[in-house]
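Engineer: Mind assembling these two chains? They're in different frames, but the hints should get you there.
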Amino acid sequence: MEEILSKYKTTAEGDVKVWFKAASIHDFTENGGACVKYKDKQIAVFNYKRKNAWYACQNVCPHKMEMVLSRGMLGDYQGIPKIACPMHKKTFSLETGENLNGDLEAIATYPVKVEDDFVFIGFSE
Amino acid sequence: MKTVIVVGNGMVGYKFCEKFVAKAGSENYKLIVFGEEPRPAYDRVHLSAFFESQDAKALELAPASWYAEHNIELITNERITDIHKTKKTITTVKDAEFSYDYLVLATGSSAFVPPIKGVEKEGVFVYRTIEDLEGMLGYAAKIKKNNPKAKAAVLGGGLLGLEAGKAVMDMGLEPHIVEFAPKLMPRQLDSRSSQVLQLKLESIGLNIHLSKATNQILGDTTITGMEFGEDDVLDVEMLVISAGIRPRDELGKTCDLEMGVRGGIIVNNKMLTSDANIYAIGEVALYNQMIYGLVAPGYEMADVAAEQILGNDTLMSAEIDMSTKLKLIGVDVASFGEPFMPALKGHSIIFENKTQYLYKRINVSLDGKKLLGGILVGDASDYSMLHQIYLNGMAIPEDPAQLILPASEGGSSFGSALDLPDEAQICSCENVSKGQICGAITDGDCDTFADVVSCTKASTSCGGCKPMVVDLVNETLKLLGKEVKNNICEHLDYTRQELYGIIKVKRLTSYFEVMDACGTGDGCEVCKPLVASIFASLYNDTANKEDVIQDSNDKFLANIQRNGTYSVVPRIPGGEITPEKLIVIGEVGKKYNLYTKITGGQRIDLFGAELNDLPAIWKQLIDAGFESGHAYGKSLRTVKSCVGSTWCRFGLDESVSFAIELEDRYKGLRSPHKLKGGVSGCIRECAEARGKDFGVIAVEGGWNLYVCGNGGVTPKHAILLAEKVDNETCIKYLDRFLMYYIRTAAPLMRTAAWLDKLEGGIEQLKKVVLDDSLNIAEELEKEMQFLVDAYECEWKQAIENEESKKRFSHFVNSDDRDDNLVFVPMREQKMPEHWEN
Chain R
153 MEEILSKYKT
163 TAEGDVKVWF
173 KAASIHDFTE
183 NGGACVKYKD
193 KQIAVFNYKR
203 KNAWYACQNV
213 CPHKMEMVLS
223 RGMLGDYQGI
233 PKIACPMHKK
243 TFSLETGENL
253 NGDLEAIATY
263 PVKVEDDFVF
273 IGFSE
Chain U
2 MKTVIVVGNG
12 MVGYKFCEKF
22 VAKAGSENYK
32 LIVFGEEPRP
42 AYDRVHLSAF
52 FESQDAKALE
62 LAPASWYAEH
72 NIELITNERI
82 TDIHKTKKTI
92 TTVKDAEFSY
102 DYLVLATGSS
112 AFVPPIKGVE
122 KEGVFVYRTI
132 EDLEGMLGYA
142 AKIKKNNPKA
152 KAAVLGGGLL
162 GLEAGKAVMD
172 MGLEPHIVEF
182 APKLMPRQLD
192 SRSSQVLQLK
202 LESIGLNIHL
212 SKATNQILGD
222 TTITGMEFGE
232 DDVLDVEMLV
242 ISAGIRPRDE
252 LGKTCDLEMG
262 VRGGIIVNNK
272 MLTSDANIYA
282 IGEVALYNQM
292 IYGLVAPGYE
302 MADVAAEQIL
312 GNDTLMSAEI
322 DMSTKLKLIG
332 VDVASFGEPF
342 MPALKGHSII
352 FENKTQYLYK
362 RINVSLDGKK
372 LLGGILVGDA
382 SDYSMLHQIY
392 LNGMAIPEDP
402 AQLILPASEG
412 GSSFGSALDL
422 PDEAQICSCE
432 NVSKGQICGA
442 ITDGDCDTFA
452 DVVSCTKAST
462 SCGGCKPMVV
472 DLVNETLKLL
482 GKEVKNNICE
492 HLDYTRQELY
502 GIIKVKRLTS
512 YFEVMDACGT
522 GDGCEVCKPL
532 VASIFASLYN
542 DTANKEDVIQ
552 DSNDKFLANI
562 QRNGTYSVVP
572 RIPGGEITPE
582 KLIVIGEVGK
592 KYNLYTKITG
602 GQRIDLFGAE
612 LNDLPAIWKQ
622 LIDAGFESGH
632 AYGKSLRTVK
642 SCVGSTWCRF
652 GLDESVSFAI
662 ELEDRYKGLR
672 SPHKLKGGVS
682 GCIRECAEAR
692 GKDFGVIAVE
702 GGWNLYVCGN
712 GGVTPKHAIL
722 LAEKVDNETC
732 IKYLDRFLMY
742 YIRTAAPLMR
752 TAAWLDKLEG
762 GIEQLKKVVL
772 DDSLNIAEEL
782 EKEMQFLVDA
792 YECEWKQAIE
802 NEESKKRFSH
812 FVNSDDRDDN
822 LVFVPMREQK
832 MPEHWEN
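Residue numbers (this note's numbering), protein chains in the order written: chain R, 153 to 277; chain U, 2 to 838.
The shape of chain U in the complex, shown without the other chains (with noise of 0.2 Å):
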């Protein structure tokens, strides 16, 4: 058994590991890997993310365990101090010695702190690691307590600069970029591509100052400036300094491995360093007189030190293709190829709008046959292909600038992604090609785009291939004459939309009928939701009719919580309540010891309900006057409203009463995906209504409708639909675009996706709620006013009906309740334990 030692547990040390024990002959070595951070290997792309998520875990490559599962010894929170070469052995930061066959540097780098004066003030950052952003949202919150609008400023306009800009405008602080050159990214970016970045980042809030040089940093202990001329100050109360990197070579200096002038640990094309038993990889390693700081070639280093480890003969490229494709702050930013390439050698094709922040250019040959680089701004979505065709040397069109103009009717100017040669990389992370792609599907047994991810592993990794590999899993699907359809499931071969039409047709009205009618088989937990969905939606079936087909929360019209209780919210209209209905509210809290909270949607949420108290809780909810609040299911949850003009000075009109109108116009009605709205009495908005499906709000004349807005994993505002209409109008617009939403749309597609996906788009949607374009008005507006005039409280029904209350007993044969429940104390209330796993 041979052992081989891994100094470094980074992005790229990481990924030697995946690699080399996935290979054949690996079992005869051990593994040993040291990492000098505190955690496992995570995922340094993507470090802004943790501003968002907190959620170090949510980074991680792989957990410990991994490394245990594979025979890996990984060894954290120790550093590497020394190397013996001729011992074979290194020596840790705790004076222990461990002898190796081989040993593979992967010390990555760190980040480059230039020399000015005053870079060790407190309050001056740098941005590498997972403890440096913890390390600055320490200190931005102390900053911004005394200083709400404090300044932040990162020292870098370059990519990684950049994104910690976007992070530093997260934490809250007025972001303000210095960069020394006299555009932003300037090895990826000509000046006019930098000049349209520039404009869209100060569209959204940052601050730019080019051709800066900083002098020092102010302040006596603690940072409170920058100085780059005489006159010439920054007040910033935090720097974050991302100028650019520097390979971590210590190891490499000290045991007397060749290197190079100005850093590096020089590595040929087997990744060896000057000595025999030493290999180097990713940002530590200078190959081709170059330090490579993207993950592709790093990764690429790591799959070909593996297997000359393992006496196989791979070896690097002799050309690394520096092409990169990110989005920074939401804006995409991509360049391939040569994107700055000298007049002598070929011709630009550019194409600028600096009103939408968009720029586009292409260089071609002289003779205008092959494409030799580019750079995208605003919009990226032409890369995978661009890109493909400069690496592939494929053959381009006559007029070049039809690669980059707007596509014309009938799709994009340069044919399918089928195209393209077999040999094509496709996944450059994972090293997937394009025939490893298709042919996963023609010879092998995949046949959708997540059978082809796990059998092939492409886009597992960053992810920026995956439209290309969707859509050549469509188009080879296509080809074999397999259909790519949206059908519900293996047991509906329909659209949502299509079993509604049949569903309605047919009058079918109970899942067994749909069934034998248009399905096959018995159902499974997708279609059966969705017909009770779609029964909802035509007859007003409330969830007590089938219970056995409703999803899990409708099922017991509660929403089912982390140990299996579950959760009661009684509506509350426009959030309007009367203090007798609040101490009713707290009463049942006390009398069945649940966990209280207010939710998003100004109502109370009660939680912790065995299912064997669920009736009766709501038992005395509704002798109190309450009703179903709906919370469990797809269907009308609140709409929220400000105070308005009742009580507010500067309100307009009565919001709450017209939210109240709209809540109790709604309540009960089912729809593809659960629906919020809200009504603000001016244009202040407190309640937020252009961050719901609905959203009204006050002005001078009337109200104003907006629609398909929400918050969630992908915030959008709502539209204008109609302006200054009165009440009246207002609800028959809504009646209107809440049946043809309800009627059209896929199965959790809420508004905003379906709005999206509407051919013509809010126009289109104005046409036909507006104008009536296509002569379903009246419909529409009928099947509402039957739903809302069938309008039934369903709790009601279930605690009204001893059959249907039968279902709230944990066991059919006691009442006893379930022992399995725990729960542990959270501040004055309780929760249920932690989950192990």
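Bound-form chain R, shown alone (with noise of 0.2 Å):
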């Protein structure tokens, strides 16, 4: 179990190693989210359409250990993003990942930028 939360480290944008190019925009429903696939990774992509925002998080709940966050619903909690995961709706904020309705281990966040209709995510490594 610690093995799989090991895979996901936050990271800052100045870090960004590599832009993975991972699917056109039009594959994210608007205000809603989906699972990217890079290399052994799962990360959950949200698009904050009404922010006119893209975040970026870990895809495993460190609840339960599950892959799901990506189908979870996105919202704001006092003005901060955050996806509630759709287990047990456990709440993270998708700018610094912290657990907001418990104290649950923080998410990994990864930055996201759009280049002509299409979503890069950006890791370290």
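The hints are all genuine.
Which chain U residues face chain R? A few, computed with CB under 8 Å, are given here: (1) GLU491; (2) GLY522; (3) SER553; (4) ILE561.
Hints in this document: simulated from the structure, not taken from any laboratory.
Beta carbons: idealized from backbone N, C-alpha and C, even for Gly.
Structural biologist: Take a look at the structure:
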């Protein structure tokens, strides 16, 4: 279990070595999410249309270690963009990864950029 | 570093640890705890809950890891056999020796077994530990196999005895309570209240035998009965002894501590025994010449001992409050202060109503100014307030009878909880005062009940004070001008009913239209599904229209399971299915290797489907004539039926046909919570229709229509709404009832809870539905007819539209499957591997 979590480390935009071209922006529902496969990682990517922003984080929910966050629901907590896990509604900030309604480990977040209608996710490795 | 050894890991022993490690200075001490039972301390007060859950872990006060996290060494399964006072060491049953600086004896008590001839026979149990209960369960199962109507007796009609009686009843045995005294709960109740309690308990199936002295237990090696007098015998196959407790004071005796004449280790108000390094707390300690068998005094003792060891001077209260309130087999029983007061000390005011099994007695001082004590049976909702008035010596109304008479209009007769003095103790388990609770709101930053609980710990132990804490929180918020409102969430400052009205009037049709019109921010997992449900109720929008605002299950039109796979439930109206269709379900299950199970709603659930396979699975089902079963939605699930007059020789009408008609009519109907129905062909009620939100039962001359029942956490029988109606009238009433519920209920409120909250209750509902008192019947019927006509199978929609099919893929950039899935074998099928935590 630890092993799965150790794959995911929050990446700052400055540390990005690889911008992975994930998919066309049209493949992501507005105000919804989808899961991107990068090597042996699963990354949840969200098209937060309401804020005109994109977010990415690990797909695994640290509560029960299931690969489901991309199927969760977007929203905000006092202005902070968040994702609610579909399993037990644990919520995480999409900016810091922090668990907003409990004391679970923070989730790892990744930078996203959009170029020529394509979504890129930044990794440091 | 000094060492404190705690002997005993029961509720009080655990509380000592909890209190000790939370105090300043405790980091200079090493704590070692010995428990003789195999598991860490558990909640013995709620032992009978074990029969319902069979889950020992749920009763645990803290997991073994808690002790480790707090640097406490917990050694279970090891009894202490000796104390060497001068050497300051102890010896365990395994001959290990440990040194201490301070010793805390929290060995508790054991069940008292009276010296009756034959108590050693097989089938005789005591009621004290989880192991005792497991023994009883095993034995009960054995005797029930030979005799399904087997009887079991409980010796002792006190508090614990009645709890044991409930346990015996839950095991499916005929329960008998045998009490030596002429009344039940002789320590807490007077004769009249005890009679009221007895009537109530008899009405729910307990047999009660008073004034019985047991001469001997009959049987060769196994119990067959109890003999009271020469011709007075009760045949029973099991006996549970619950005749009181005896302190576990052996260690005190062997190491020569000062002991009480009838047992118990004598302690002073520092909880110190006759040895300056040994403390005793809980049911082994004799304080004020008394053993206190309640949790609250035990917890106070734990606190005092912890303070004393750390060098502080907290002392035990001189007078111990023995007030108790409990729910015995669903019956409220409470007594406080002086329940039995001699006539020369004051006057008693008594309210008794045997038809409702109610008894209330309060004792007031001769001058009528002070409350001295009282007894409540049947309804103890006034207990918290009465208890506070008694504890704080508060003024009482000129006519004290107002304290127990049913409240007149305008609410309770003695003002609000805020009238209590700040030092009034609200939560006696955690010792939290009114001042602390209100202060958490006024001075701290709490502004909900949940905040206050996590900040003060009030009501986290027995939960008895919860209603009063809720009152205090709400009234303090009101006082501060903070509105206590059941608004939906931080984004929508309305109740569900208000929002329903707004959306309907403004004809709003998308989520962000609603947010722009009356919300703030971007929404969340609470308001999004709620708005989706309102759209469905108003326009019959299916979940495909705006999938990103749907709840987890609605989003993918399937129920998400433990490992992120889904279950598939095709609709089988009324539970009627052809062999051909059964074969199709079987083929789908085989093809996709799904775990199959019959559900409680007479249909078939296929588990373990991967997200990517859902469209193909549903295509195959739909091609064979199936539709979505909406098992994932807050919507109509099934209308369960018995076979009815088509086959049954008792049936009065065609229950299957009518169930199918109803299920087809309301399929796809979204509602504040799930909806279930049932139709039975006669009053034998094989469809369990009265356990449903709506139930129809055939009688001579038509259908009886019942509403607002459910199973689940709080089972409720549905209540009669209309009698002997024909099919058409039944549907008309159902249309009105369901639509009225959909319009007005709070989110996630089932019909039973909705009816509880509906002002005027069932009578009011009858007026609205039958007599059209609100003049909305026509409108309700029209709205329902619109929804019925607008029905579409949402799975058919989903697979026929390439765009909406896209979401059924685990990866957006690959056709690979989720490689994180692990299944393990389960009998001849499979299941997800267990969660680690």
